Amino acid sequence: MEIRITGLRKHYASDGRIIKALDDVDLTIPSNQIFTLLGPSGCGKTTLLRSIVGLESPDAGEIRIGDDIVYSSAQNISLPTEKRGLGMVFQTYAIWPHMNVYDNVAYPLQNRKVPKEEIRRRVAETLAFVQLEGYENRPATKLSGGQQQRVALARALVAKPRVILFDEPLSNLDAKLREETRKELKTFLYDLQITAVYVTHDRVEALALSDTIAVMRTGRIIEIGSPKKIYFDAESEFVADFIGRANLVKAVVRQQLPGTTIVDSGIGRLSCRKGDFPPDTKVTLCLRPEFISLARGDHPGTNVVQGTIVSMVFVGDAFEGEIRVGDQHLLARIEPETDLAVGDEVGFQVSPDHCLLVAG
Amino acid sequence: MTGRHSGLTLLLIAIVGFLTICPVIMLIFGSLSEGLTASGKFTLAKYITAYTDPALLEVIWNTVIFVGGAATTATALALFLAYLNIRTDIPFKFIFGIISIIPMMIPHLLFSVSWVLLLNPSNGILNLILQQAFSLHHAPFNIYSLPGMVLVEGLLDLPIAYLIIAPAMASFDASLEESSRVCGASTAKTIFRITLPVLRPAILAAFILCVIRGLASFAVPSVIGMPGRIYVLATHLYQMVSTGFAADYGKAAAVGMSVLLASIILIYLYRYLTSASDRFVTIAGRGYKPTIIKLQRSKIPLFLILGFLSFILIILPVVVLFYTSLVPYSMVPSMRALSMMGLKHWIEVLNDPISLLSLKNSLFLGVVGATLGIVLSIFVAYVIVKVRSRSAGILESLSFLSFSFPGIVIGVGFMWFFVRTPLYATVWALLIGYIATYLPYGIRPLSSAFVQIHDHLEESSLVAGASYLTTLRRIVIPLLVPGIVSGWVLMATMFVRELSLSVVLSRPGTEVLAVQILRFSEDGLWGKLSALGIMMIGVSTLLVLLVTLIGRWFRPVDR
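Sequence order for the protein chains is A and B.
FYI, the numbering for the first sequence is 1 to 360, going by this note's numbering.
FYI, the numbering for the second sequence is 1 to 559, going by this note's numbering.
Errors might be hidden in some of the hints.
Claimed, not checked - No more than 27 Å apart at the CA atoms, straight line, and that leaves these computed lysine-lysine pairs for BS3-like:
#1 A/Lys83 / B/Lys299
#2 A/Lys186 / A/Lys176
#3 B/Lys294 / A/Lys83
#4 A/Lys186 / A/Lys160
#5 B/Lys294 / B/Lys93
#6 A/Lys228 / A/Lys176
#7 B/Lys294 / B/Lys189
#8 B/Lys294 / A/Lys20
#9 A/Lys160 / A/Lys83
#10 A/Lys83 / A/Lys113
#11 A/Lys83 / B/Lys189
#12 A/Lys116 / B/Lys189
#13 A/Lys113 / B/Lys189
#14 A/Lys282 / A/Lys229
#15 A/Lys176 / A/Lys142
#16 A/Lys142 / B/Lys189
#17 A/Lys116 / A/Lys142
#18 B/Lys189 / A/Lys160
#19 A/Lys116 / A/Lys83
Keep in mind that the hints were calculated from the coordinates and are not lab data.
Values in this document were obtained by computation on a predicted structure and should not be read as measured data.
In isolation and in its complexed conformation, chain A is listed as follows (with noise of 0.2 Å):
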């Protein structure tokens, strides 16, 4: 089911200021994806699902479920959260303590008046859905967390919402489960294929497991795209430096050629990928420390920096190398075996392809 957003607005009033939670946001969320809304905490993006579940009440703007306006300013409509049909799974889960998993996974089909027989039928098939059969009667406090997350996502799903929605629901394991968890919740979103919506501040979360990203900042949605597209051909300094690690270099366009962008920069002049910038345009060049790989000496041929190792750091998978350029400091990741040491003169050659221009 389709989400459209139009000119969605909420604003707090904390500390005398204004704060624009969310900013006039216009957002289509396509039918049977996964889409994150990613961003830094405080830039809207729970507020954002919050309003579409209807647990916050914006103050202006749309909002449309399908072909049924659950929300709307002008036409002074505001579905109650318990009408608008969805599922939801909380940060904390939220399961009831003082049922067990049987009950709170029949619950929103209690709701909605299912007769017994069916609510059976449907709680089992959908405990067997998340791996939890046989569980029905054990009390929801003697869950582990994992196992708690499913119940979440059981009840999410056992009344065949129209859309779920996810607010950060990794966020309370530890870090070897939460990769098995993302894993688990990424093969049963691609069999159900549901229109999901997926709140998190987690990058390596929100690469791994959408269809589309939308990054947000202060309120606005700044980038919408495939998780190659944003990791890759960001348009903004901020949405490439927060999906993952990156150098940012200063730089000027200096040439405009066919499928490659010239700049002189910070660390010598580079064939960038290919930007839509006129000539002497300010911008920033992004080269993230995964794609430079140093080896020692002079390096022949096109788009090569030459450099001094400042630091090395070991981190188990790799070494996190610190290399001064003229005077620029860049990252980058040296395998783990390398002979390189601190002091070393290295050098690289980078793919005009890995070589991202952003405004700025």
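Given the coordinates of chain A, work out where chain B should sit on it, guided by the hints.
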């Protein structure tokens, strides 16, 4: 940590054990032995006479209605107030803070008296006003009735129920309710299927504590129940031990054993439930934010209810007492009443040697008793929180026991004990009894103060080169000051107004304020009663202010 303090722990177990177990044992012995003392030959005669008493059935029935009704009233009102305060946008929220501390300010005895002054059938002020206004032949209300007792006791227990329910409501994870809404349940359905069931342990705990307090309550049954010939267990016992020369302590002890047993069972049930509710109301993790319900149209009516409640809880009792202390006899407020006002009752009380003695005794008990009590509490709380050995667990259970003690029952046990010592009929007997009965009120705030002093705070002081004594002086004591102050204030105010234990232990020469006030009430001397009552409130308030100021002076940094 375990081995180091075993000597201290054992000493404390001996002291606290003596204070709490000794009266219980005396009560058991006294109820089972022949004659007036607690060391006669074994007999079940006292139990047989006590439990075949035909009046007992009605007393038990009255007690059930009184205690159950009051606990229900208090819990329901507390739930309502807690919800208003924590989950809605009702204005003037500071009122809730005042409601939760008034029991420290207005003693139960005086609160009951003020309702008698308002609603007694012969000359209750409110009754007289209504009679005049509607030219009625009879007083419309009679406070001397079971509903009257339930109402007043319910209002008195309201703050304690509120103090249990409000924090549980505040730590309630709002997403439990939000997810119910997402699952298709309306607000009302969510309240009944999610909010109330999740809060159930806290609600039950509040109800049980109110039941325990209702069982122990003596002020309301004596001031409101006895004039209407409505006896509950507490007054039934009081009647046995106070009827002049034929005091029957044995029979009282036999009945009292059941009350004590019920209270002890209930208090451990209460403790189980509060620990269960801590486990129950969980998470409240990051991003937690309670949703505030906008009241809109119901805002003004609800606020009026709140205003009315705080008026009858806080303002009315004090105003009524003050008014009564100034007019020569009960009369409706009018110009004539105003013209007749004077300090006659005040002067009489200040010239009454017994009233002055009771003032002196109560002040002594408040100051000295609370000080000794708090010193004991510091050590007990330290062992319970910081030592945590098996014997520390025993100490905790022991010190918790007296939470359940109904004063009048335990008083009989103490009486038998003190009779055999030179302490009998001295203020020291009262002092020891008070500390034994109210020890948990001193331990509670100090335990929470000790919990806040993480071991690392002491350890880092030692690592920084301070000696153990310096650490105690510069780190531990300053952090304890708030706990000491609130524990002292709690104990002192309770001691100044103590009634139920005192009516049994007080003898000529050891009169205390509450007992003297009860005498005035039995004799219908409302003017003198009110004057002495206001002095009593004045003494407590003065002590509270003084100690709060001293505590502030000790506080190392301004927070």
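Hints the structure fails to honour: none
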